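**Student:** My request is simple: use the sequences and hints to build the entire structure.
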Amino acid sequence: MSHLAGLGLQHRMPEDVERQGQSVTTRVAIVSGAAAGIGAACAKRLAQDGVAVGALDLDAERCADTVKAIEAAGGRAVALGADISRRDQVQAALATVREALGPVTILVNNAGVTDFTPFEQTTDELWDFVYAVNVKGTFVVTQEVLPDMKAAGWGRIVNISSSSAQTGTPNMAAYSSSKGAIVTLTRSLAQELGPHGITVNNIPPGSVMGTIMADANSARFNVPLDVLAKSIPVRRVGEPDDIANACAWLCQDGSGYVTGQTIGVNGGRVVS
137 MSHLAGLGLQ HRMPEDVERQ GQSVTTRVAI VSGAAAGIGA ACAKRLAQDG VAVGALDLDA
197 ERCADTVKAI EAAGGRAVAL GADISRRDQV QAALATVREA LGPVTILVNN AGVTDFTPFE
257 QTTDELWDFV YAVNVKGTFV VTQEVLPDMK AAGWGRIVNI SSSSAQTGTP NMAAYSSSKG
317 AIVTLTRSLA QELGPHGITV NNIPPGSVMG TIMADANSAR FNVPLDVLAK SIPVRRVGEP
377 DDIANACAWL CQDGSGYVTG QTIGVNGGRV VS
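Heads up: the sequence shown at position 208 corresponds to 344 in this note's numbering, and the numbers run straight through without jumps.
Don't read these hints as lab results, they were simulated from the structure.
Heads up, a few of these hints could be off.
Pairwise CB distance ranges (calculated) [as the list claims (entries may be wrong)]:
# : residue 1 : residue 2 : range
1 : Pro283    : Thr253    : 19 to 25 Å
2 : Ala287    : Arg371    : 43 to 49 Å
3 : Ile368    : Pro306    : 17 to 23 Å
4 : Gly390    : Glu328    : 34 to 40 Å
Nothing here was measured: the structure is a model prediction, and the numbers come from that model.
Idealized CB from N, CA, C, for every residue including glycine.
**Tutor:** What follows is the structure, given as structure tokens:
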């Protein structure tokens with residue numbers, strides 16, 4: 137355990153504990169939206185680093201393939217089901233993962249919904265639905281895992297937003313603004329939770345294969361994906377692993393001085 141002189145703050149790294157004579161890591165992650173795409177890639181990548189993973193989606197069955205892949209590679213994982221906008225369901229899922237794997241010290245807020253409705257045609261119900269999942273869901277899951285992180289004196293939170301939050305996008309006012317809220321939430325939480333040894337960062341992906349955004353971008357502009365790729369400086373559409381690699385780095389010990397940051401993984405679509 138290390139002490140920050142003069143501040144009276146204490147931080148400690150997750151320590152190995154003995155369970156039935158075996159030393160196992162205490163690091164456990166929740167990855168929301170882990171059934172496919174970016175979420176599944178993040179779950180598998182964290183497992184490669186020895187993290188036990190709670191793969192969360194609307195229902196546990198959706199995450200069966202993700203869990204099987206992690207276990208087949210020698211990792212530990214459990215499938216979880218919850219509507220992240222429903223606190224009671226999130227609490228039940230967290231109870232399951234804590235019982236199966238232990239306290240949660242890593243959180244990847246990836247679950248979200250998108251929409252391509254023109255602003256003037258956006259209904260109250262649609263606006264509320266997008267915000268309920270993208271903003272309230274992130275709020276609920278984050279709030280529910282914080283006791284574990286504070287108890288450990290160590291935590292990593294990675295929020296997956298969108299490059300549309302940085303640029304704005306026509307016919308996506310609800311989605312883009314909800315993801316913009318995630319960017320600002322990241323900055324606020326980084327400052328509030330830093331004294332507890334918890335870092336909070338944000339990854340806004342660009343167009344990524346196997347996700348709604350990449351397919352929709354192509355369909356919306358009526359261009360093939362290879363033409364879309366030519367509009368990106370690195371001349372390719374992203375892969376889920378591109379996001380997962382950045383996410384894994386942000387969850388490591390070595391990134392402990394990085395917090396409140398927006399780490400754009402977008403092939404140069406947005407530069408800063």
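**Student:** Indicate, hint by hint, whether the structure satisfies it.
**Tutor:** These are the hints, each one checked on the structure:
A hinted range of 19 to 25 Å for the beta carbons of proline 283 and threonine 253 is inconsistent with their spacing of about 38 Å. Between alanine 287 and arginine 371 the beta carbon distance is about 46 Å. The supplied range of 43 to 49 Å therefore holds. For isoleucine 368 paired with proline 306, a C-beta distance near 19 Å keeps the hint of 17 to 23 Å intact. The hinted window of 34 to 40 Å between glycine 390 and glutamate 328 is violated, with their beta carbons roughly 23 Å apart.
Hints 1, 4, counting from the list given before, are not met by this structure.
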